[in-house]
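J.: So you can see what is in the structure, the chains are spelled out below.
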Amino acid sequence: MVDLSVSIGSLKLANPIMPGSGTMAEGLADIIDLDGLGAIVLKTITPDIRQGTLTPRVAEFNDATLFSIGIPSKGPDYFLNNTLPFYGRYKAPVVASVSADTVEDFGTLAAYISAPSIAAIEANISCPNLRAHGRAFGMDIEATAGVIAAMKRATDKPVWAKLTPNVGDIAAFAKAAEQAGADAIVTGNAILGMAVDAERMRPRLGNVIGGLTGSAVKPILLRMVHQCAQAVDIPIIGCGGITNGEDAVEYMLAGATAVQMGTVNFVHPGAMPEAVGWIEGYCRRHGVERVRDLTGAMSDTHAGQPKLKVTQ
Amino acid sequence: MVDLSVSIGSLKLANPIMPGSGTMAEGLADIIDLDGLGAIVLKTITPDIRQGTLTPRVAEFNDATLFSIGIPSKGPDYFLNNTLPFYGRYKAPVVASVSADTVEDFGTLAAYISAPSIAAIEANISCPNLRAHGRAFGMDIEATAGVIAAMKRATDKPVWAKLTPNVGDIAAFAKAAEQAGADAIVTGNAILGMAVDAERMRPRLGNVIGGLTGSAVKPILLRMVHQCAQAVDIPIIGCGGITNGEDAVEYMLAGATAVQMGTVNFVHPGAMPEAVGWIEGYCRRHGVERVRDLTGAMSDTHAGQPKLKVTQ
Amino acid sequence: MNIQSCLPKGAGFSVAENKCRIVSNEAVNEEYRLLIAEADDVALSARAGQFFHLLCPSVGGEKPFLRRPMSIYRVDPEAGRIGFLYKVTGKGTRALSSLRPDDTIDAMGPLGQGFSLPSGVRNVLMVGRGVGLATLAPLARLATKSEAAVTAVLSARRRDLLMSRQELENAGARVIEVTDEEGTSQPETLEALLCDLHAQLPFDFAATCGSNRLFQLVRSLCAEWNIPGETALEAFMGCGTGMCYACVVPTMDANGKEQYRRVCWDGPVFPISEALGW
Amino acid sequence: MNIQSCLPKGAGFSVAENKCRIVSNEAVNEEYRLLIAEADDVALSARAGQFFHLLCPSVGGEKPFLRRPMSIYRVDPEAGRIGFLYKVTGKGTRALSSLRPDDTIDAMGPLGQGFSLPSGVRNVLMVGRGVGLATLAPLARLATKSEAAVTAVLSARRRDLLMSRQELENAGARVIEVTDEEGTSQPETLEALLCDLHAQLPFDFAATCGSNRLFQLVRSLCAEWNIPGETALEAFMGCGTGMCYACVVPTMDANGKEQYRRVCWDGPVFPISEALGW
Ligand SMILES: Cc1cc2nc3c(=O)[nH]c(=O)nc-3n(C[C@H](O)[C@H](O)[C@H](O)COP(=O)(O)OP(=O)(O)OC[C@H]3O[C@@H](n4cnc5c(N)ncnc54)[C@H](O)[C@@H]3O)c2cc1C
Ligand SMILES: Cc1cc2nc3c(=O)[nH]c(=O)nc-3n(C[C@H](O)[C@H](O)[C@H](O)COP(=O)(O)OP(=O)(O)OC[C@H]3O[C@@H](n4cnc5c(N)ncnc54)[C@H](O)[C@@H]3O)c2cc1C
Ligand SMILES: Cc1cc2nc3c(=O)[nH]c(=O)nc-3n(C[C@H](O)[C@H](O)[C@H](O)COP(=O)(O)O)c2cc1C
Ligand SMILES: Cc1cc2nc3c(=O)[nH]c(=O)nc-3n(C[C@H](O)[C@H](O)[C@H](O)COP(=O)(O)O)c2cc1C
Ligand code: FES
Ligand code: FES
Numbered sequence: 044m045v046d047l048s049v050s051i052g053s054l055k056l057a058n059p060i061m062p063g064s065g066t067m068a069e070g071l072a073d074i075i076d077l078d079g080l081g082a083i084v085l086k087t088i089t090p091d092i093r094q095g096t097l098t099p100r101v102a103e104f105n106d107a108t109l110f111s112i113g114i115p116s117k118g119p120d121y122f123l124n125n126t127l128p129f130y131g132r133y134k135a136p137v138v139a140s141v142s143a144d145t146v147e148d149f150g151t152l153a154a155y156i157s158a159p160s161i162a163a164i165e166a167n168i169s170c171p172n173l174r175a176h177g178r179a180f181g182m183d184i185e186a187t188a189g190v191i192a193a194m195k196r197a198t199d200k201p202v203w204a205k206l207t208p209n210v211g212d213i214a215a216f217a218k219a220a221e222q223a224g225a226d227a228i229v230t231g232n233a234i235l236g237m238a239v240d241a242e243r244m245r246p247r248l249g250n251v252i253g254g255l256t257g258s259a260v261k262p263i264l265l266r267m268v269h270q271c272a273q274a275v276d277i278p279i280i281g282c283g284g285i286t287n288g289e290d291a292v293e294y295m296l297a298g299a300t301a302v303q304m305g306t307v308n309f310v311h312p313g314a315m316p317e318a319v320g321w322i323e324g325y326c327r328r329h330g331v332e333r334v335r336d337l338t339g340a341m342s343d344t345h346a347g348q349p350k351l352k353v354t355q
Numbered sequence: 044m045v046d047l048s049v050s051i052g053s054l055k056l057a058n059p060i061m062p063g064s065g066t067m068a069e070g071l072a073d074i075i076d077l078d079g080l081g082a083i084v085l086k087t088i089t090p091d092i093r094q095g096t097l098t099p100r101v102a103e104f105n106d107a108t109l110f111s112i113g114i115p116s117k118g119p120d121y122f123l124n125n126t127l128p129f130y131g132r133y134k135a136p137v138v139a140s141v142s143a144d145t146v147e148d149f150g151t152l153a154a155y156i157s158a159p160s161i162a163a164i165e166a167n168i169s170c171p172n173l174r175a176h177g178r179a180f181g182m183d184i185e186a187t188a189g190v191i192a193a194m195k196r197a198t199d200k201p202v203w204a205k206l207t208p209n210v211g212d213i214a215a216f217a218k219a220a221e222q223a224g225a226d227a228i229v230t231g232n233a234i235l236g237m238a239v240d241a242e243r244m245r246p247r248l249g250n251v252i253g254g255l256t257g258s259a260v261k262p263i264l265l266r267m268v269h270q271c272a273q274a275v276d277i278p279i280i281g282c283g284g285i286t287n288g289e290d291a292v293e294y295m296l297a298g299a300t301a302v303q304m305g306t307v308n309f310v311h312p313g314a315m316p317e318a319v320g321w322i323e324g325y326c327r328r329h330g331v332e333r334v335r336d337l338t339g340a341m342s343d344t345h346a347g348q349p350k351l352k353v354t355q
Numbered sequence: 343m344n345i346q347s348c349l350p351k352g353a354g355f356s357v358a359e360n361k362c363r364i365v366s367n368e369a370v371n372e373e374y375r376l377l378i379a380e381a382d383d384v385a386l387s388a389r390a391g392q393f394f395h396l397l398c399p400s401v402g403g404e405k406p407f408l409r410r411p412m413s414i415y416r417v418d419p420e421a422g423r424i425g426f427l428y429k430v431t432g433k434g435t436r437a438l439s440s441l442r443p444d445d446t447i448d449a450m451g452p453l454g455q456g457f458s459l460p461s462g463v464r465n466v467l468m469v470g471r472g473v474g475l476a477t478l479a480p481l482a483r484l485a486t487k488s489e490a491a492v493t494a495v496l497s498a499r500r501r502d503l504l505m506s507r508q509e510l511e512n513a514g515a516r517v518i519e520v521t522d523e524e525g526t527s528q529p530e531t532l533e534a535l536l537c538d539l540h541a542q543l544p545f546d547f548a549a550t551c552g553s554n555r556l557f558q559l560v561r562s563l564c565a566e567w568n569i570p571g572e573t574a575l576e577a578f579m580g581c582g583t584g585m586c587y588a589c590v591v592p593t594m595d596a597n598g599k600e601q602y603r604r605v606c607w608d609g610p611v612f613p614i615s616e617a618l619g620w
Numbered sequence: 343m344n345i346q347s348c349l350p351k352g353a354g355f356s357v358a359e360n361k362c363r364i365v366s367n368e369a370v371n372e373e374y375r376l377l378i379a380e381a382d383d384v385a386l387s388a389r390a391g392q393f394f395h396l397l398c399p400s401v402g403g404e405k406p407f408l409r410r411p412m413s414i415y416r417v418d419p420e421a422g423r424i425g426f427l428y429k430v431t432g433k434g435t436r437a438l439s440s441l442r443p444d445d446t447i448d449a450m451g452p453l454g455q456g457f458s459l460p461s462g463v464r465n466v467l468m469v470g471r472g473v474g475l476a477t478l479a480p481l482a483r484l485a486t487k488s489e490a491a492v493t494a495v496l497s498a499r500r501r502d503l504l505m506s507r508q509e510l511e512n513a514g515a516r517v518i519e520v521t522d523e524e525g526t527s528q529p530e531t532l533e534a535l536l537c538d539l540h541a542q543l544p545f546d547f548a549a550t551c552g553s554n555r556l557f558q559l560v561r562s563l564c565a566e567w568n569i570p571g572e573t574a575l576e577a578f579m580g581c582g583t584g585m586c587y588a589c590v591v592p593t594m595d596a597n598g599k600e601q602y603r604r605v606c607w608d609g610p611v612f613p614i615s616e617a618l619g620w
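If you read the protein sequences in the order shown, they are chains A, B, C and D.
First residue of the first sequence? That's 44 in the numbering used here, and the numbers climb one at a time after it.
First residue of the second sequence? That's 44 in the numbering used here, and the numbers climb one at a time after it.
First residue of the third sequence? That's 343 in the numbering used here, and the numbers climb one at a time after it.
First residue of the fourth sequence? That's 343 in the numbering used here, and the numbers climb one at a time after it.
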């Protein structure tokens, strides 16, 4: 028997697997049992109603996709009256995600949606599509801290800071978020990218720039998770190119307590439950009794030994 | 007849294709004719003699590689006495690349190697492997400007600033380099990444962190080139995941004047001359008489028209 | 037959990642191929206008990362088979065309909102071109089953590119073929033809798919004749399951407000009065 | 025969991206396969100990991005063919094993520094295990051509995994096989055997490849007998052409200074006195 549960601060998850914000919606419940997930992370909402970016919104590469969606949002009331009740039937904890135009609005929105059925609120300070050429709160260390502090003042719910990878020193941002009171770090959102149609001499996306996601970004985000894990004491949730249980374990070994899976849900809706099963088998094979023991258990060097006591 | 030549400041290249520093060496001359290249960019050298990083030095993904080599360097004297004379037989301009531990040493080294046969000197301020966890000059805007200024004081050769993509606001770094006197911007070096062997619970690379290169990074560096092109007036040399002529054209449309091809040389040593041929065909097909007209010719929006007058 | 499906099914799961054995995958003309696959009950519940999201195999280093949407062209519950009629246009469909009998295809579905014939409809007009012919075929079957008469106008560049005549006639539809090469397919010519037919026996529902020009024509006729109609739209898709918001198209909602809607979730079939063409 | 090569050749180009037609690609035992391909003049100039850098095909979404190094196992200039003996270990070699006759393989080479038999050598000892047997085979041919006697000691876990006996005997070598299962392959047993042979007719050159234990043994015997020797090393490679510095191994240079050298460029064959094992 492997204990798959992990704790993100005061919040206990049945297993370390959850979707990335914006990569699942009600439709997934038609295909898989959402109660198999460690948590249900919902699409970012904004205080206002938004249509999102111009089309086309997606371009495809061999091992990645470039999406530019923006935050089509039906606003907080729709969220409270329609979205939340839909997920009420599941026992997996529900995590909201918020974004806004100003630091204060982050706080106001967090307070407004702090319904009892919400287990935590993720701050999407990193959405690459809202501002001209992708400059976001998350690329500015004070704005990052400001958003988290504003949300912490406004709500009793745990606050997760979802960092953008479009920065130089990711660990500094993780530290700033921790100091501002974040209960966990999510590393991270999509990497800004672009695609050009050479024959038509034009950008492939309506928004010109979009977020690169999928397997191809894994080495970059994995490195960032490792850097964050060395910098902060709060739990880190890894995210970026995770498509299966093995990817998830790599993130945990590098320092993540849990992980979010994004784009893969679009291609293999069964990927998240399958990953949970794979991780259980992995732990059994390696004599690991508690999946949480994997966090940071990688050896520091290629030649060294894993920092893990196994029972075999 | 397509005019394939491009100008990087005062330096005229026969075509826009050159290798990325550290991705070609004498061995390539056994396989292709180096005179088919727009320029020959040499591996970075340092003032001292270095062995480079621990092995293993390479990990592989579907569409990318993670290399951690460091800068194995035989020092400036070996460079002047052995490396430069070897390339003396080719008519393609030779570009040196330098790195050092301090701003002053960049200047000293640039002065020391400013032999007549050198056409330009690239500042590798971005090498991710030299410092603990990859912090480099290029992640600090003052250090970036400092290195370029020191080199400009020390030599009359054109100085190219090769930026690291491991920053938030790449355009700000391009501007700082321009203001410090750089004659061109190279965008950019490898993105820091990491790979973990889940079964063995250890990093795949001896150096833990390495540089991610190859097709998978193209959307990211392409976006950065576009951002730099909007920020500076000096020419931009695009680099990152370029494997063929079409990739090169995408970079040019997004704002690059020339491009460097890296990892692909390891897999397809014929890639650079083939790219030159493809670009010529592309220009002919599109009625473009001068390849330099492609620079920045992409339409600003998906729906818009290319900013290009073609003769057809 | 569902060869393998790792996902929980039954109990309320209306969509499945069906691993289907391929029965055949042959060219029907220069541009189109017909793929027939075995399917399980969930897949066989597909209704006209719905689609499947197909995982295309990787062939020689070319990897179609995202799935590709394909309308259901044929559902045969007795034989336990579904069919897709597709055009080879890029790497995904090229990869599809490499599949051989006994290979497996991962077909996620059925997805989206199909056609909904208003009850009591007696005389249905269908106008399709290109891929639209694939999408409309099962609608003919649906209509004739509810004892409506169906007139299917098929349009194509050349006569040899016309498809589905047999499929539609088997479904009990009257088939009229028009082509560019014969000069019978222009909007004006077609409009005259349709008005003629309508004058003989008035249509009370119209459906169209596959061409913006035809869509515009049918929409204006629906308005003129004051009858309901539907159209199936296309858009580049990510997930196909309403999660990513990549496939939005501008639509007019019932209150006349323009807004983006998801082709995969709110469509692909929309009331013709709400669609804005593409 | 070189089917297609877009690279300038002749005039001083010693390495080519050879597109070779595959003649056969069969299993020789449970672990190893032999790939025979047609090759042009550049490829046929390969010398013992050199290698080719093979582009492995993408199979079902698995894409071996980098090339894979393989020692030249056989060069047959008359037939215009080259051969590789390889073990299926991961995705690259798995992909190689999918190649069929008449498929094409892109084999870049020949690359690296091969064996260099000192002139006047009369009695050569070769000790190999595993992949090492592939690397040593052409050396036997080279040695017997220059009229040296060759004793090849082949080591393996089990008798059925031994390879190259025929290849080596055809080259005129005396072959001695030792195995773990028969208890004849331990270093001590082998040392006694080799010393015995040396006592009968002294070796004046030794080569080894494929096992660290055998390397250590042969190196110490070379030192003891005061004869030159060489060994071929392996390392993970990037380019295979001396450009990336991924394939470095620590070596002792002629002055006794330890330094990294490139297996693909300075090797893969090194003087046994300079190699440090792996
Ligand atoms: C609901 C729906 C039903 C469809 N039904 C059919 C059908 O029955 N038969 C048929 O032949 N085609 C149909 N199509 C179009 C079909 O999905 C595309 O032709 C196919 O995705 C092209 O993929 P590709 O890789 O071959 O082409 P590429 O051009 O290489 O594709 C590149 C990308 O663009 C997308 N794309 C390209 N063309 C289209 C398009 N017309 N619509 C949506 N995305 C596109 C692809 O999905 C992919 O993401 C349908 C599309 C939709 C949205
Ligand atoms: C100079 C040289 C000559 C060789 N000659 C032969 C030969 O004749 N026959 C033979 O069977 N093998 C030979 N090898 C080993 C062969 O290259 C590896 O077995 C092969 O690269 C494994 O690739 P893979 O994708 O199947 O395995 P994977 O383990 O999936 O490979 C993953 C990565 O590791 C590298 N790698 C894995 N094992 C080795 C290894 N032992 N040496 C170098 N790189 C490795 C691969 O190149 C690849 O980059 C030789 C190696 C070298 C360096
Ligand atoms: C279509 C799409 C929409 C997304 N929407 C959001 C969002 O609303 N809020 C957010 O924080 N992240 C959003 N993301 C980012 C994902 O949550 C995740 O961080 C990213 O996709 C990287 O993970 P992946 O590589 O597994 O996809 C979105 C990603 C995609 C592809
Ligand atoms: C093995 C290797 C060695 C490299 N060495 C250097 C170097 O010495 N100096 C430098 O500026 N860049 C170096 N680079 C970076 C490349 O020049 C180039 O910026 C990078 O590989 C991105 O381009 P690519 O995706 O086409 O490979 C190296 C890259 C690789 C893969
Ligand atoms: S394709 Fe993802 S919402 Fe429609
Ligand atoms: S493999 Fe690149 S230097 Fe040897």
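In case anyone wonders, no lab produced these hints; they're calculated from the structure.
It is possible that part of the hints are untrue.
[To be verified] No more than 30 Å apart at the CA atoms, straight line, and that leaves these computed lysine-lysine pairs for DSS-like: (1) K487/D to K433/C; (2) K218/A to K134/B; (3) K599/D to K487/D; (4) K433/D to K487/D; (5) K117/A to K361/C; (6) K134/B to K195/B; (7) K361/D to K433/C; (8) K352/A to K195/A; (9) K134/A to K55/A; (10) K361/C to K433/D.
Predicted model, so just to flag it, every value in this text is computed and none were measured.
J.: In ascending order, which of the hints set out earlier in this document are inconsistent with the structure?
T.: 1, 2, 3, 4, 5 and 8
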